[in-house]
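Chains as they are written, first to last, in numbering that gives the first Met the number 0: chain A, 0 to 350; chain B, 0 to 396.
A hint or two may mislead.
Calculated lysine-lysine pairs in the DSS-like style (CA-CA distance at most 30 Å, straight line) [what the hints assert, rightly or not]: (1) B/Lys227 / A/Lys27; (2) A/Lys28 / B/Lys170; (3) B/Lys392 / A/Lys141; (4) B/Lys170 / A/Lys70; (5) A/Lys89 / B/Lys170; (6) A/Lys139 / A/Lys126; (7) A/Lys107 / A/Lys28; (8) A/Lys70 / B/Lys227; (9) A/Lys28 / B/Lys227; (10) A/Lys266 / A/Lys191; (11) A/Lys302 / A/Lys40; (12) A/Lys28 / A/Lys40; (13) A/Lys121 / B/Lys306; (14) A/Lys225 / B/Lys154; (15) A/Lys266 / A/Lys302; (16) A/Lys89 / B/Lys392; (17) A/Lys27 / A/Lys107; (18) A/Lys41 / A/Lys28; (19) B/Lys306 / A/Lys70; (20) B/Lys227 / A/Lys89; (21) A/Lys89 / A/Lys28; (22) A/Lys107 / A/Lys40; (23) A/Lys27 / B/Lys170; (24) B/Lys170 / A/Lys82; (25) A/Lys107 / A/Lys70; (26) A/Lys40 / A/Lys27; (27) A/Lys97 / A/Lys27; (28) A/Lys82 / A/Lys107; (29) B/Lys170 / A/Lys225; (30) A/Lys82 / B/Lys392; (31) A/Lys192 / A/Lys139; (32) B/Lys306 / A/Lys97.
Restraint ranges, calculated between C-beta atoms of paired labels, are given here [said to hold, decoys possible]: (33) A/Asp34 / B/Leu288: 39 to 45 Å; (34) B/Leu30 / A/His223: 32 to 38 Å; (35) A/Pro120 / B/Ile342: 52 to 58 Å.
Honestly, the hints are just simulated from the structure, not real lab data.
We treat Cβ as the ideally placed atom computed from N, Cα and C, and that holds for glycine.
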Amino acid sequence: MDNIIIDVISKMANESIIEVNHLTKTFKKFTAVDDISFDVKKGEIFGLLGPNGAGKSTTLRMLSTLSRPTKGTATIGGYDTVKHDMEVRKLIGIVSEKMIIYNRLTAKENLWFFGSLFNIPKDTLNKRIDDLLELVQLTKWKNAQVGTFSTGMRQRMNVIRALLNMPQVLFLDEPTLGLDPQSSVEIRDFIKKLNQESGTTVIITTHMMVDADLLCDRIAIVDHGKIIALDTSTNLKKIISGADTMIIKLEIANLTPNLIESIKALKCADAVTQENSTRLHIIVHGEEAFDNIIDAVREKNGKITSMENLQPSLEDVFLHITGHEVRDSADQKIPMQHGPKQFGASPRRVR
Amino acid sequence: MRKMTAQTILNHSFRIAWKDLTELFRNRLGLVLLIVMPLFMMVMVGFIYPSNGTISDLQVGVVNEDTGFNGTFMPSQGFLIGLNQINNQTHMLIMSNVSSIADLTDQVQRGQLEGGIVIPSNFSQSIMSGQQGTIIIVSDESNPQISATIQGALKGVFGAMSTQLAINNVKPLNATNSLAVVQPYSIQTQGVVSGNPSYFDFIAPGIMAMTVMMSVMTGLPVAISQEKEIGTMDGMMVAPVNRLSILLGKTIAQTARGLIQGVIILALAIGIFGVAIQGSILLVFALLLLGVFSFVGLGIVVTSFTKDQETAQMLMMTLMFPMMFLGGVFFPIQQMPWYMQTIAQFLPLTYASNALRKVMVLGAGVPQIANELIILIAFGVVMIAIALPVFRKMMTR
């Protein structure tokens, strides 16, 4: 008897809540999502990482019933996203980069409107709205029009709006895009907390390596509509360290294009990127990689000021697998002005 | 699996309509425009459109080339005296003497004169020798409206003068009623209802029908494409809400907006422009709602084919313009050439404004507008039958 219960529990723990099979989406001649398959376990934070236009958002839209797959199927909680879309919708919440809130309605009216679409009983809904507003410390502003809120406050509204139906699966499409670093940290912490406390499964798309690295239990790296790697962050990084590959940060005082070309020409160099006027970021393999690079630099009379062996980051993994950089990653180079604050810090701008 | 009762669909659509209307009422500028737009349209169209009663003081040149008959200029002088006498009563013309036809043409071309009267050289001779005396009316063809008015006015004046002359001529015959001899038929005009309807009575029903129907046809695509563009549509689409609820909710909100505008127009028409409603006011509102119904399908089709707000607005303008002018709102359809009349017959606006006019101006009841009612209902049903599958397909792209 006990065994059976343990069996059931362990089965539940490992149960897939999302199953994606050969999902494909074509727009006219362009294939946005190309035959992808993956499972997401219950309670997992699952990341889709890739450059803009890789097909992450399209995948998310298909999973959240907003778009129909051209080919393939996806199920959420056992329900097919096309055949049983209404059932799927009851289980999910979606936060997208475009905020789903009405500026001319107050915080409370917004939540009341979206909540009423889920047929939640009036009293339950009222209580839930109060709880959610309290959770993100917006209670004070519940009767103010959302249009007067700061971007950070609006994004908090946007997130709790998606939680009104207590979804089992929460989809987040670039949730930190366009937010200042402080608000990004707030949102990340909130997602983590939500996942730990209520066991909500989270699917997040991002082109920010930091988001993926800090949040996700498993990451699928997506490029040109295909999943090219899927594993935990640690295991993904092992692709590099395990494969006899090293990441070298090289400072050369008199760096010239000619010199970079000769390093690129080396057999041991997998990827070479210039970070600034003196610094190179090089992914290499092989035992003699260090020697080879030093020889190449010397031959061109380069002056090495420092050479460092780095821990691989997800960015390196991406570079290693795809051979190109994550485009549009400029956003993450915004300097952090303030230290990370607690989620729900007092709003800075209320008109 | 898909258990979605009619009540839930309605419930959701009311929620969506409430949301849309709350947004509308919080938009101050939008609200002001809602009132100002129909007011402008009434005032501008109502006052600019010319009617014969209001035209006066037309600048007209008179060229007298009469060479007389046996030294007498009696007929042409008599004619001019008579013309002056009549004009003193009506003030229709301001006459000035012009030396020649060439001069007259020149002045019309310069825009100094709006037309002219020419008495040919043989005028007196013809009359004295028992023939018809011809008067030439010169008109400015670049302005057909004024040209037609002058021609009409002068023909009226000359007709009256001819009659007077004829009466004098038959007097020696000792008839009991000389007028009856000269003009055996007399004409009297009488309207279906009492009173003297103005041009406002003609356009008010049309503008009401147009505004209300356009609000659905233009408001719906704009409202939906706007929400798609800012992303809030996804919030509704990802909730367990039937697509029909979204459409219905938006339609209810737009209809309410249109009806509010309709009421404003009606109030302006009655309060400021003195329009009287002869028929039932309930029937007026029923007709407005029916007009909305007949346009909903068209609005949905347009919505389905437009991806962004800009396209939606442009498409609506393109559709709206011909409808405005062909639907008989501002100009009677009977004025148009046959091919335009044919097009007008396919526009629901034509029937809605016609029926509304019959009710408001002529006091018609349901039996008198049965044809229009049937056509509007049929148009609405057919368009919705076309629109729903198209919309469903669009929503699940």
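Results of checking the hints against the structure:
no. : hint                            : in the structure
1   : B/Lys227 / A/Lys27              : 21 Å, holds
2   : A/Lys28 / B/Lys170              : 94 Å, violated
3   : B/Lys392 / A/Lys141             : 38 Å, violated
4   : B/Lys170 / A/Lys70              : 100 Å, violated
5   : A/Lys89 / B/Lys170              : 98 Å, violated
6   : A/Lys139 / A/Lys126             : 16 Å, holds
7   : A/Lys107 / A/Lys28              : 44 Å, violated
8   : A/Lys70 / B/Lys227              : 25 Å, holds
9   : A/Lys28 / B/Lys227              : 24 Å, holds
10  : A/Lys266 / A/Lys191             : 43 Å, violated
11  : A/Lys302 / A/Lys40              : 51 Å, violated
12  : A/Lys28 / A/Lys40               : 33 Å, violated
13  : A/Lys121 / B/Lys306             : 36 Å, violated
14  : A/Lys225 / B/Lys154             : 84 Å, violated
15  : A/Lys266 / A/Lys302             : 22 Å, holds
16  : A/Lys89 / B/Lys392              : 22 Å, holds
17  : A/Lys27 / A/Lys107              : 42 Å, violated
18  : A/Lys41 / A/Lys28               : 35 Å, violated
19  : B/Lys306 / A/Lys70              : 24 Å, holds
20  : B/Lys227 / A/Lys89              : 21 Å, holds
21  : A/Lys89 / A/Lys28               : 33 Å, violated
22  : A/Lys107 / A/Lys40              : 34 Å, violated
23  : A/Lys27 / B/Lys170              : 91 Å, violated
24  : B/Lys170 / A/Lys82              : 97 Å, violated
25  : A/Lys107 / A/Lys70              : 40 Å, violated
26  : A/Lys40 / A/Lys27               : 33 Å, violated
27  : A/Lys97 / A/Lys27               : 25 Å, holds
28  : A/Lys82 / A/Lys107              : 33 Å, violated
29  : B/Lys170 / A/Lys225             : 107 Å, violated
30  : A/Lys82 / B/Lys392              : 15 Å, holds
31  : A/Lys192 / A/Lys139             : 22 Å, holds
32  : B/Lys306 / A/Lys97              : 17 Å, holds
33  : A/Asp34 / B/Leu288: 39 to 45 Å  : 51 Å, violated
34  : B/Leu30 / A/His223: 32 to 38 Å  : 49 Å, violated
35  : A/Pro120 / B/Ile342: 52 to 58 Å : 54 Å, holds
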